[in-house]
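Chemist: Heads up: the sequence lines are chains A and B, in that order.
Note that our numbering numbers the first sequence so that position 193 is 193, with each residue one more than the last.
Note that our numbering numbers the second sequence so that position 269 is 269, with each residue one more than the last.
Everything labelled a hint here was simulated from the structure, so no lab data went into it.
Treat each hint with caution, since some may be false.
[What the hints assert, rightly or not] Keeping only pairs whose Cα atoms sit at most 27 Å apart, straight-line, the calculated DSS-like set for lysine-lysine is:
1) B:Lys148 - B:Lys173
2) A:Lys20 - B:Lys189
3) B:Lys189 - B:Lys264
4) A:Lys189 - A:Lys264
5) B:Lys264 - A:Lys213
6) A:Lys204 - B:Lys213
7) B:Lys204 - B:Lys20
8) B:Lys148 - B:Lys189
9) B:Lys204 - B:Lys189
10) B:Lys213 - B:Lys264
11) B:Lys116 - B:Lys307
12) B:Lys148 - A:Lys264
13) A:Lys264 - A:Lys116
14) A:Lys264 - B:Lys189
15) A:Lys264 - B:Lys264
16) A:Lys116 - A:Lys189
17) B:Lys20 - B:Lys307
18) B:Lys204 - A:Lys264
Quick caveat: nothing in here was measured; it's all calculated off a predicted structure.
If you want the building blocks of each chain, they are given just below.
2 protein chains.
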Amino acid sequence: MTDGVNRQFLLAARPEGLIKVSDFTYNEAEIPTPGEGEVLVRNMVVGVEPALRGQMEGLTNYTTGLQLGEVMRAGGAGQVIASNNPNFQVGDMVQGMFGFQDYACIGGEGMMPLAKIPEGTPLEAALYVFGGTGFTAYYGMTEIGLPKAGDAVLVSGAAGAVGSLAGQIARIKGATNVVGIAGSEEKCKWLVEEMGFTGAINYKTDDIDARVKELMPNGCDIFFDNVGGEILDIALDNLAMNARVVICGGISRYEDREGAAGPKNYFSLVYKRARMEGFIIIDNMHRAAEFTEVLAGWINDGSLKYKVDVLEGFENLPQGLINLFTGGNIGKQLIRINDPA
Amino acid sequence: MTDGVNRQFLLAARPEGLIKVSDFTYNEAEIPTPGEGEVLVRNMVVGVEPALRGQMEGLTNYTTGLQLGEVMRAGGAGQVIASNNPNFQVGDMVQGMFGFQDYACIGGEGMMPLAKIPEGTPLEAALYVFGGTGFTAYYGMTEIGLPKAGDAVLVSGAAGAVGSLAGQIARIKGATNVVGIAGSEEKCKWLVEEMGFTGAINYKTDDIDARVKELMPNGCDIFFDNVGGEILDIALDNLAMNARVVICGGISRYEDREGAAGPKNYFSLVYKRARMEGFIIIDNMHRAAEFTEVLAGWINDGSLKYKVDVLEGFENLPQGLINLFTGGNIGKQLIRINDPA
């Protein structure tokens with residue numbers, strides 16, 4: 001980091017098709033001065049997630065859309081280096097929506113919460129398991145998916161940040177068969193050998209439908225979907241009676257939102273007396289303490305594992321985001337941009 | 001009816017596109033003799049429903065498929081004229097799956113229940129409100145749709161047997177705005193003037209999306225769907241937060257099952273934290289007495305109205321079924337084939 005300079009990536013273009021590095025402009029600004037009630041944070045690790053793509057497009061379904069020329073939005077973890085807020089002291093480790101930049105001034109109001117990271121919690125864990133990503137997996141699987149003993153659970157995008165936790169949480173809750181769908185042999189091997197999935201399907205090389213039928217001969221009681229498209233249709237065709245389809249994400253839809261087909265097999269919801277339900281974790285962020293307590297218990301007793309995939313260097317911020325859509329990461333994609341002061 | 005002859009319509013061909021009269025063969029058989037535990041029923045009024053189309057196609061999603069050459073399946077109401085079953089006496093009025101024929105022998109076992117029609121209940125009501133059709137509307141709206149005071153409820157296929165009841169039940173449960181989608185001005189007028197809907201949309205002449213937005217400016221809390229296709233997509237695009245989409249039927253899908261597109265807007269389930277759920281009433285037929293008691297209360301106090309659309313004559317059985325798919329009926333389509341003995 002150059003002293004006195006706030007490096008930034010600004011949104012330069014609305015993405016069409018895959019996000020490109022050229023959708024961002026590198027910029028150098030002055031380090032901002034915190035206003036009343038604000039703190040100045042030195043951003044150290046940035047976390048990216050697929051939903052950021054919607055904000056780049058200006059969609060307002062989740063939150064306010066991003067304008068061209070604005071600093072790219074993203075969650076980050078860092079350290080308070082100046083404070084006009086009595087709740088935060090210089091030196092505190094915090095997380096919030098700091099964006100693709102070295103420094104951010106933030107008051108913690110409204111949609112921009114600022115949270116202290118407890119001592120002893122690695123920044124990576126704060127940005128992943130004990131943040132929106134981990135809560136998404138926990139809430140989506142336990143409260144929408146409702147796993148019970150003996151369930152067969154299928155997870156798409158299983159080697160991603162949410163999917164790899166969601167599958168493990170289903171196992172913890174008693175599911176006996178948890179199958180993940182991922183995009184490489186390496187990811188499939190990792191799911192089974194490291195993450196405790198009972199099976200994995202490589203969607204790039206396997207006949208997905210045949211493999212689902214082979215690995216889940218009685219159908220799936222829960223399908224936890226991060227992908228959409230053909231995979232959602234195959235899952236709908238392989239539901240067990242009274243199945244729950246958790247719509248967590250639809251990463252396949254980003255490539256061609258207008259032309260994306262809907263799930264032709266939606267009528268399986270009738271044949272199988274099944275339910276398909278969506279959610280967004282921001283509705284439940286007031287339960288962060290409760291979620292954190294449960295997840296920390298599982299992390300501490302070793303029943304829940306997490307993997308972060310860390311790119312080093314500020315210049316890799318755009319690439320980290322792109323990785324999510326090209327299958328470039330395993331686990332939570334983070335970008336380390338600054339060392340501690 | 002010719003004495004000593006059992007007129008029948010047999011399945012002659014699997015339907016392609018619209019059901020045609022030529023998909024059936026007229027046949028005359030001998031009047032059957034009831035076996036042990038069976039009764040012989042003289043079939044008087046036949047009720048038809050869209051799901052029969054699936055059985056004509058041999059689909060086994062709901063029940064066993066119908067074979068070519070078999071008597072066309074359908075529910076009916078009639079009178080016991082011979083009995084080898086101590087539970088039924090000659091003269092009892094009964095309902096069951098008697099099919100497209102004058103006489104049926106039935107024991108009431110397994111998937112072919114035989115139920116007495118209480119004295120004083122018109123056969124039409126037994127075949128409609130106090131049978132699978134009425135229970136479908138009641139269970140689907142109250143237990144899947146979960147209407148609450150102030151809700152805005154949209155119903156497709158609203159002038160049909162299920163839809164017209166479902167909308168009224170939502171009103172009884174406190175919904176303040178109940179809009180029906182139907183296929184003619186006559187049907188729309190009937191929904192508002194006779195059935196107590198607050199609004200109606202003619203899908204053949206109106207801009208459906210614009211009308212939904214106009215009549216339900218805050219979106220719909222419940223969409224009760226009997227149609228599928230474009231109407232489902234429009235409804236998904238107009239959901240209120242935490243909406244419930246009840247998939248009751250998909251009559252638009254019968255025309256082109258393979259080519260039918262899925263709901264492109266399914267991702268609204270995420271944006272609106274909404275749920276889409278299917279059901280089949282046969283799972284809940286053990287609750288018939290409970291459903292009947294509630295529905296009879298509403299019929300008796302005038303809060304629930306029903307309309308039957310009766311074709312006269314055995315020869316009109318195929319046409320009665322066809323009407324369901326061409327918008328030919330208002331309310332429950334019945335065919336009266338025989339007078340009391």
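Chemist: With reference to the structure, classify each hint as holding or not holding.
Modeler: Here's how the hints hold up against the structure:
1. B:Lys148 - B:Lys173: holds (6 Å)
2. A:Lys20 - B:Lys189: Violated: Lys20 of chain A and Lys189 of chain B sit about 54 Å apart, past 27 Å.
3. B:Lys189 - B:Lys264: violated (31 Å)
4. A:Lys189 - A:Lys264: violated (31 Å)
5. B:Lys264 - A:Lys213: holds (26 Å)
6. A:Lys204 - B:Lys213: violated (42 Å)
7. B:Lys204 - B:Lys20: OK: Lys204 of chain B and Lys20 of chain B at ~23 Å, within 27 Å.
8. B:Lys148 - B:Lys189: Roughly 25 Å separates the two Cα atoms, so the pair holds.
9. B:Lys204 - B:Lys189: Since the Cα atoms of Lys204 of chain B and Lys189 of chain B sit roughly 14 Å apart, the hinted pair holds (cutoff 27 Å).
10. B:Lys213 - B:Lys264: holds (19 Å)
11. B:Lys116 - B:Lys307: holds (22 Å)
12. B:Lys148 - A:Lys264: violated (31 Å)
13. A:Lys264 - A:Lys116: Outside the cut-off at roughly 45 Å; violated.
14. A:Lys264 - B:Lys189: Violated, at roughly 33 Å.
15. A:Lys264 - B:Lys264: Roughly 9 Å between the alpha carbons, so the hint for Lys264 of chain A and Lys264 of chain B holds.
16. A:Lys116 - A:Lys189: Since the Cα atoms of Lys116 of chain A and Lys189 of chain A sit roughly 36 Å apart, the hinted pair is violated (cutoff 27 Å).
17. B:Lys20 - B:Lys307: holds (25 Å)
18. B:Lys204 - A:Lys264: Status holds; Cα separation ~24 Å.
The structure shown violates the earlier hints numbered 2, 3, 4, 6, 12, 13, 14, 16.
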